[in-house]
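The listed protein sequences derive, respectively, from chains Z, C, R, V, H and U. Heads up, this note's numbering is the position in the first sequence plus 7, with the first residue counted as 1. Heads up, this note's numbering is the position in the second sequence plus 7, with the first residue counted as 1. Heads up, this note's numbering is the position in the third sequence plus 7, with the first residue counted as 1. Heads up, this note's numbering is the position in the fourth sequence plus 7, with the first residue counted as 1. Heads up, this note's numbering is the position in the fifth sequence plus 7, with the first residue counted as 1. Heads up, this note's numbering is the position in the sixth sequence plus 7, with the first residue counted as 1.
By construction, these hints were calculated from the structure, which means they are not laboratory data. Hints are supplied without guarantee of correctness; some may be wrong.
The list treats identical chains as one, so a pair stands whether inside a single copy or across any two.
[Claimed, not checked] Using 20 Å as the maximum straight-line C-alpha spacing, the simulated EDC-like pairs for lysine to aspartate or glutamate come out as follows:
no., residue 1, residue 2
1, K332, E95
2, K10, D259
3, K233, E262
If you're wondering where the values come from, they're calculated on a predicted model, not measured in any experiment.
Number of protein chains: 6
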Amino acid sequence: MSKIIGESLKNMPWQEKPEGLNAPVWRYSANPIIERHAIPNSNSVFNSAVVPFEGGFAGVFRCDSRSVSMDIFAGFSDDGVNWNINHEPIQFEGDEEIIKREYRYDPRVSKIGDRYYITWCNGYHGPTIGIAYTTDFKTFHQLENAFLPYNRNGVLFPRKIGDYYAMVSRPSDTGHTPFGDIFYSVSPDLTFWGKHRYVMGTINGDESAWQSKKIGPGPVPIEIDKGWLLIYHGVINTCNGFVYRMGCALLDINEPWKVLARSRNYILGPETLYECVGDVPNVTFPCAALTDADTGRIAIYYGCADTVTGLAFTTVDELLDYMEKYPLEA
Amino acid sequence: MSKIIGESLKNMPWQEKPEGLNAPVWRYSANPIIERHAIPNSNSVFNSAVVPFEGGFAGVFRCDSRSVSMDIFAGFSDDGVNWNINHEPIQFEGDEEIIKREYRYDPRVSKIGDRYYITWCNGYHGPTIGIAYTTDFKTFHQLENAFLPYNRNGVLFPRKIGDYYAMVSRPSDTGHTPFGDIFYSVSPDLTFWGKHRYVMGTINGDESAWQSKKIGPGPVPIEIDKGWLLIYHGVINTCNGFVYRMGCALLDINEPWKVLARSRNYILGPETLYECVGDVPNVTFPCAALTDADTGRIAIYYGCADTVTGLAFTTVDELLDYMEKYPLEA
Amino acid sequence: MSKIIGESLKNMPWQEKPEGLNAPVWRYSANPIIERHAIPNSNSVFNSAVVPFEGGFAGVFRCDSRSVSMDIFAGFSDDGVNWNINHEPIQFEGDEEIIKREYRYDPRVSKIGDRYYITWCNGYHGPTIGIAYTTDFKTFHQLENAFLPYNRNGVLFPRKIGDYYAMVSRPSDTGHTPFGDIFYSVSPDLTFWGKHRYVMGTINGDESAWQSKKIGPGPVPIEIDKGWLLIYHGVINTCNGFVYRMGCALLDINEPWKVLARSRNYILGPETLYECVGDVPNVTFPCAALTDADTGRIAIYYGCADTVTGLAFTTVDELLDYMEKYPLEA
Amino acid sequence: MSKIIGESLKNMPWQEKPEGLNAPVWRYSANPIIERHAIPNSNSVFNSAVVPFEGGFAGVFRCDSRSVSMDIFAGFSDDGVNWNINHEPIQFEGDEEIIKREYRYDPRVSKIGDRYYITWCNGYHGPTIGIAYTTDFKTFHQLENAFLPYNRNGVLFPRKIGDYYAMVSRPSDTGHTPFGDIFYSVSPDLTFWGKHRYVMGTINGDESAWQSKKIGPGPVPIEIDKGWLLIYHGVINTCNGFVYRMGCALLDINEPWKVLARSRNYILGPETLYECVGDVPNVTFPCAALTDADTGRIAIYYGCADTVTGLAFTTVDELLDYMEKYPLEA
Amino acid sequence: MSKIIGESLKNMPWQEKPEGLNAPVWRYSANPIIERHAIPNSNSVFNSAVVPFEGGFAGVFRCDSRSVSMDIFAGFSDDGVNWNINHEPIQFEGDEEIIKREYRYDPRVSKIGDRYYITWCNGYHGPTIGIAYTTDFKTFHQLENAFLPYNRNGVLFPRKIGDYYAMVSRPSDTGHTPFGDIFYSVSPDLTFWGKHRYVMGTINGDESAWQSKKIGPGPVPIEIDKGWLLIYHGVINTCNGFVYRMGCALLDINEPWKVLARSRNYILGPETLYECVGDVPNVTFPCAALTDADTGRIAIYYGCADTVTGLAFTTVDELLDYMEKYPLEA
Amino acid sequence: MSKIIGESLKNMPWQEKPEGLNAPVWRYSANPIIERHAIPNSNSVFNSAVVPFEGGFAGVFRCDSRSVSMDIFAGFSDDGVNWNINHEPIQFEGDEEIIKREYRYDPRVSKIGDRYYITWCNGYHGPTIGIAYTTDFKTFHQLENAFLPYNRNGVLFPRKIGDYYAMVSRPSDTGHTPFGDIFYSVSPDLTFWGKHRYVMGTINGDESAWQSKKIGPGPVPIEIDKGWLLIYHGVINTCNGFVYRMGCALLDINEPWKVLARSRNYILGPETLYECVGDVPNVTFPCAALTDADTGRIAIYYGCADTVTGLAFTTVDELLDYMEKYPLEA
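Based on the provided sequences and hints, a complete structural model is requested.
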């Protein structure tokens with residue numbers, strides 16, 4: 008059995024795997040947990056990130072307004088299922104040039120030491136990766152953007168690797184990017200970034216077509232005894248648009264750009280009405296995971312059809328076994 | 008409180024706003040009111056236009072056949088909800104060159120004096136704006152096309168403005184047009200058109216992204232004490248296609264190309280299954296509105312997913328308040 | 008009344024036409040008959056082909072795996088409705104160069120003499136038409152690919168025509184082909200193909216827009232006293248993607264590239280949730296038909312939303328009458 | 008022999024047809040007549056229009072600046088070959104909303120009565136047709152734009168036809184338009200336009216592929232005893248871009264939307280270095296013609312490679328004979 | 008030294024390699040040998056094919072007319088440099104369905120036994136490979152099209168290989184095809200084609216980018232002691248369009264789909280004005296080669312800028328040495 | 008008069024401005040200075056960079072091979088006009104992962120202290136900015152790539168600004184990028200990069216259309232008493248492809264992301280045959296500049312039509328005056 012390197016989290020949301028289910032990830036029975044109109048002026052609440060916080064849970068939420076303006080909001084929960092989301096978006100402190108808002112979306116939250124770092128897709132003459140930190144989810148200090156445009160889906164590792172802060176991200180273009188690989192970058196200070204390494208890319212041909220158009224990192228990587236467990240999204244381009252599904256990979260613990268294992272099969276994809284029908288049909292997009300080191304349990308928070316937020320469950324062993332059973336050979 | 012300049016219409020369809028609803032427009036509880044197979048050979052009945060007529064209601068309906076041929080049909084109703092639509096499309100009288108049918112779709116009906124004018128997207132070596140009138144919804148006299156190709160969504164004002172008939176329209180291209188602004192044009196005689204003025208266009212950036220790809224006029228503008236109240240459609244381009252929503256604007260009463268107010272928020276968008284699932288998913292497309300001058304009530308008829316017809320309600324004050332609460336600052 | 012030239016098939020699946028239905032084809036009341044997870048590792052089971060076999064039924068099924076790898080699988084059924092599909096894909100015997108698998112999808116099965124010929128879209132440096140035969144659905148002998156790339160939807164006639172084996176197919180390109188016409192080709196030996204003839208193409212303009220973007224053959228043509236009855240798919244390109252519907256045509260019995268009649272109306276299109284919602288929304292794609300010569304009954308197997316398999320019923324007379332009632336005049 | 012209905016113009020530029028030339032149009036031997044740097048800040052001087060004026064010639068010239076800003080300039084010449092072009096663009100008087108400049112290009116000049124009307128592609132929230140008049144080429148009075156966007160190449164007939172001013176034009180889209188047909192429109196007053204008629208379009212297939220992508224009117228139509236002689240441009244789309252050539256057509260004298268004859272062959276195309284090499288290679292684009300009623304001579308002014316201005320010669324009989332020899336049968 | 012397996016041809020055109028030239032192919036000093044207006048109504052004479060014939064030379068020429076209609080014409084020459092091309096295109100005898108002309112272009116001529124076979128890109132509801140034969144270049148017998156659409160550049164080997172006629176070709180799409188590989192097909196009778204084998208494709212990445220977009224066969228393969236020497240075209244896609252260059256390959260003598268050697272470097276590309284400037288800039292496109300078995304000399308006929316015809320020289324040893332010096336390792 | 012902050016360079020190439028020339032930059036009279044076949048296996052030698060070196064000049068040259076493989080080569084010259092370029096590309100020393108070559112092109116050379124830093128477009132799973140240094144142009148030490156893909160045109164400033172090395176670059180996509188702005192980034196150590204600032208972008212509309220599609224930095228910025236003088240390239244998209252021209256800007260000396268002045272007019276564009284005709288027509292692309300502090304002279308090296316290398320002259324005052332005369336007001 009594999010072990011999560013981390014803390015125990017007894018109160019994390021959980022349901023047991025349904026009898027007879029032939030899949031490594033299962034949905035929460037009362038999905039979606041957050042509806043599109045969860046706050047007064049929201050059109051949709053989806054790609055969002057949560058962490059344990061002061062005995063309960065806190066999070067940063069993507070709420071598109073009814074003008075379809077994209078911003079990120081703080082929220083709080085006792086049980087990780089029922090959420091109170093602030094009605095006003097996060098205000099940042101920092102360098103005036105940097106905190107100017109064009110748009111903000113698809114946040115992740117990574118706790119490093121006693122700081123909660125938020126990363127997100129930040130508009131700065133094109134999409135790039137914004138970084139900020141908070142200790143209380145009230146005051147947020149914004150740092151330099153990590154990269155030049157154009158980039159989306161920057162996800163910080165939960166600790167330094169070697170001497171460096173580490174991030175995986177997906178370089179992109181200015182629009183509905185028709186390509187996407189995952190890269191690894193490091194920084195001594197969260198300001199200057201370098202030593203960029205290619206981690207993995209799309210899979211050509213038929214072997215694993217669900218991830219043939221683009222892939223990008225999802226939740227903060229989970230440290231386990233065997234390496235870093237990365238849950239990511241993969242996209243196929245059908246004649247009727249993109250389908251977003253989830254997969255997982257195991258990265259080397261010290262050199263995370265080395266891929267030790269990777270799922271040939273997706274681990275979750277759009278099947279329910281709330282995943283298949285909405286503002287952008289056929290999207291399941293993971294942005295956060297809660298884990299319990301005692302049990303190996305994982306709770307995945309994911310956006311559904313770019314409209315609502317879903318919750319799904321798995322364990323470290325389920326994912327590792329599944330990668331082993333359906334290994335990617337390409 | 009604002010006032011509609013017009014007639015009272017005591018028998019218009021109406022339902023009160025649901026308790027606690029946080030939105031300016033609400034759906035009819037028994038939507039859709041017209042199903043896709045409403046007449047024997049129809050594939051779909053959607054973007055359609057209705058008016059009060061002889062104590063009840065008459066209308067012109069877009070019915071696509073099961074060969075997916077697009078034409079417009081007359082129909083009648085006592086209550087504005089239950090409709091009898093003719094099984095054969097409208098036949099027009101007029102100049103032989105003009106009445107030749109290529110295709111016809113997306114009608115509007117505007118009563119000016121004692122004539123009911125129908126405008127629609129008319130195929131004439133490309134889409135342009137067809138015009139015809141009737142007094143009885145039995146005999147229809149077709150006039151010259153208003154413009155050169157390519158144009159869609161021509162909507163006549165319900166009275167002359169100054170010395171001229173007036174129309175708002177959306178110039179387009181030959182296909183699934185990736186742009187679209189609203190222009191204002193006038194005519195002394197409904198044959199010759201000129202004095203074209205730009206009214207308003209799409210909104211770049213993040214402030215009001217639901218109307219970032221194209222916009223076009225919907226129902227006949229409603230005259231109120233403060234100007235012309237225009238309900239229009241706006242489109243965003245997602246990675247999985249266009250989403251059509253509704254917004255509103257207030258235009259100057261004498262110079263309607265001057266925009267006095269405009270909604271930053273959409274007022275209705277695809278959320279129900281019948282709006283999100285159908286031949287063209289995620290479309291809510293308004294083509295007509297009934298109004299009651301006594302109460303300020305408005306009933307909007309709109310196409311759903313290019314498949315069925317829906318009905319929704321609001322009031323003049325709801326719309327004006329909403330524009331004031333969520334003003335467009337761009 | 009028209010007659011099917013063929014065998015009787017008393018045990019074929021059947022339901023009577025619902026009262027009052029105004030359409031030539033009706034759905035099985037318990038659709039879909041095959042779910043997406045019908046075998047342990049399947050993501051979807053859809054465009055598939057069945058034939059009578061040893062008193063019951065056998066078939067070849069497209070099952071996309073949960074890595075979204077496309078392959079074809081044998082399966083068996085007593086009643087044509089409940090199916091046992093093998094968990095491993097078909098293995099082929101034959102020339103080593105030819106049996107190398109890139110991908111395989113959208114099979115058809117045609118019985119000629121005592122052999123069951125399978126044709127499918129076969130990856131060989133691009134999509135082309137693979138051919139194989141079996142007598143027992145256990146051992147499959149693969150022959151030469153019929154054509155150069157790029158081609159999809161090769162369908163064999165169920166007997167020689169003149170001295171030749173005969174096939175209809177749809178030449179394509181390397182991607183989500185934006186065009187598609189049906190051609191007829193013959194072969195003395197199933198290895199060498201020639202005498203290619205254009206059969207029919209898309210319909211421009213408004214007369215029959217559901218088949219304006221591409222068309223391709225569906226089930227094995229049905230021999231009737233008046234010619235070959237061909238059920239085919241037609242595609243329209245909307246602003247939100249392709250919609251796949253079904254139509255039918257009557258081809259000359261000896262020179263099948265001559266079209267005697269063709270449906271202006273589609274005979275079935277996406278309307279139910281399982282046809283409108285899935286991995287590729289709005290797809291109904293027919294690949295096989297069972298027929299009973301005694302009664303003229305036809306049971307159509309069709310893929311739904313590229314996700315599940317549906318069953319629908321009609322008769323020869325329903326289709327011929329419908330083509331006569333809604334003739335294509337272009 | 009055909010006759011030009013018009014004035015004699017003894018001093019128009021002229022060279023005799025070269026011996027043995029097998030083509031209906033021949034180039035001026037000292038082409039190009041206007042170089043790209045003809046005025047101090049010009050990048051290029053090309054699609055331009057000239058008329059007889061006060062015993063010599065005047066014209067309106069498209070000069071793109073070295074910032075590649077597009078504007079139109081007045082110019083004067085004694086002999087029609089050597090030109091003095093003003094260094095500052097034309098300033099217009101008129102309605103403030105209308106004279107606001109976005110961009111201006113591709114002018115034509117048509118004398119009607121004692122006024123010289125200039126039409127051009129005028130930026131007004133998209134390209135449309137600007138109209139202005141002058142009597143002295145010093146003061147220019149701008150009228151309403153003729154049409155809604157999007158249109159290019161509006162060309163006025165040199166007299167009223169019936170009771171109306173008449174114009175041929177080419178509706179377009181917002182970019183490098185991939186389509187283009189010629190339409191006819193009329194106006195009682197040059198402000199309101201209507202009664203739009205399709206004149207002619209592109210030629211599909213192989214019969215006349217040089218005009219398979221788009222066509223548009225060139226110089227002011229020439230009145231002859233047999234009808235209106237129209238010189239126009241036609242475009243083919245090669246794998247390396249558009250090629251612009253010239254053709255001609257004969258339109259009915261009273262109903263000019265009726266095409267009496269049309270050239271299957273182009274009459275001039277890019278062959279010389281100054282036509283094949285420049286800012287936009289392979290463009291010959293006619294915008295004006297001088298004619299002499301006494302002799303039937305025609306001098307065509309045309310843009311070369313969007314960079315310089317060329318001059319070419321022909322006669323009415325050359326063009327009519329060529330259309331008769333190479334008739335378009337489509 | 009390598010040997011050509013074939014006949015001697017003492018009177019073939021020839022010039023010695025210029026001193027100091029560092030390239031395997033050199034141009035004829037008086038290029039182009041055929042001008043665009045070589046026959047009365049031609050716009051261009053380019054991709055054309057020649058063979059020895061009755062002591063002199065005959066050929067089939069692509070002449071686009073001044074309507075830019077594409078057809079093929081017979082022509083004759085005493086010296087292979089100065090050509091008399093018929094003024095009317097070739098008329099074919101054969102099956103009525105087959106000889107209907109849509110368009111014809113890019114011919115090749117291959118002598119097999121005492122027949123001269125012409126293959127070309129033939130319009131039959133899309134481009135495919137037409138085949139015909141003649142013995143006298145006066146009467147031409149057209150056979151079945153070799154393949155389904157869409158295909159261009161079908162080139163027959165000059166003798167049977169094994170029991171079969173053999174052809175290399177390039178499957179394509181309907182337009183300016185953005186892909187292209189070379190395939191090998193055989194036929195017992197020139198009517199039925201099969202046993203299709205992939206020969207070689209484009210080269211991704213940077214190693215040999217001139218052939219990164221598409222490749223296709225050029226002249227009839229030349230039999231040498233080491234195999235078949237194939238001269239082919241390769242295309243790169245620049246931001247300003249396609250550039251067509253020539254390369255060569257050595258194919259196995261009995262299994263020509265096996266590539267023994269292939270040039271990494273192009274052997275000729277657009278450099279001169281007549282290759283870089285014309286209707287389609289930057290095209291050098293080889294369609295025929297004359298060879299002399301006594302000396303190993305090769306004369307290549309190639310289209311220049313889709314406008315004129317050029318001639319270039321090389322030898323078998325030059326090409327083999329060049330492939331050896333610059334081997335393709337991909 | 009403005010002053011260059013730098014060294015004197017008495018032996019730099021120079022020609023006086025031609026009499027009467029109305030432009031700020033003039034071509035060397037014997038252009039091009041480097042032909043396409045300058046080294047044995049080159050197809051083209053163009054976007055290249057030179058610096059003063061040991062009393063003469065050294066440089067790094069983009070030479071595409073005759074396989075159209077892109078690499079960079081060292082070269083040497085006594086006079087800056089006649090060049091000896093090495094026949095083999097530069098070999099780099101460094102981290103094994105980094106020095107793996109995919110492709111290399113468009114180099115710049117910037118002397119900082121006693122090191123010559125080369126930057127170029129470096130293939131690493133997409134184009135990014137490679138960095139290396141040399142002191143002798145024999146041994147080259149490659150450092151980390153500066154950024155994640157996708158980026159082109161990284162240009163180092165010739166000294167630290169504040170505490171940091173500084174670079175301007177153009178983020179891009181994977182292909183023929185249809186957008187392009189200039190950004191500024193800094194690094195403490197040439198390995199880690201951050202503090203990215205937007206400098207300037209394309210100009211919409213008509214004011215300065217030559218730079219409406221993309222812009223990117225050219226030579227190493229020139230330090231003058233008023234700031235940094237940046238020569239850059241700008242691109243317009245015509246219907247026949249991109250046209251690349253040159254402009255200039257003045258950046259703040261300490262905060263170079265602040266633009267003090269910028270040319271509305273281009274300063275040089277394609278006009279001569281060697282600029283308009285070649286592998287990519289209509290390209291003038293500057294990559295290096297020599298300067299003499301004593302006289303203010305500037306010699307610009309630029310690629311012509313992606314085929315040959317040109318040389319042009321100007322002075323600091325010419326450029327500053329021209330920006331002042333034609334200021335960009337957008």
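Hints, one by one, checked against the model:
Within a single copy, K332 and E95 get their C-alpha atoms only as close as 46 Å, which misses the 20 Å cut-off; across copies the closest is 15 Å, which meets it. Taking the shortest Cα distances, K10 and D259 sit within 20 Å of each other inside one copy (15 Å), while across copies they are farther apart (55 Å). Taking the shortest Cα distances, K233 and E262 sit within 20 Å of each other inside one copy (12 Å), while across copies they are farther apart (47 Å).
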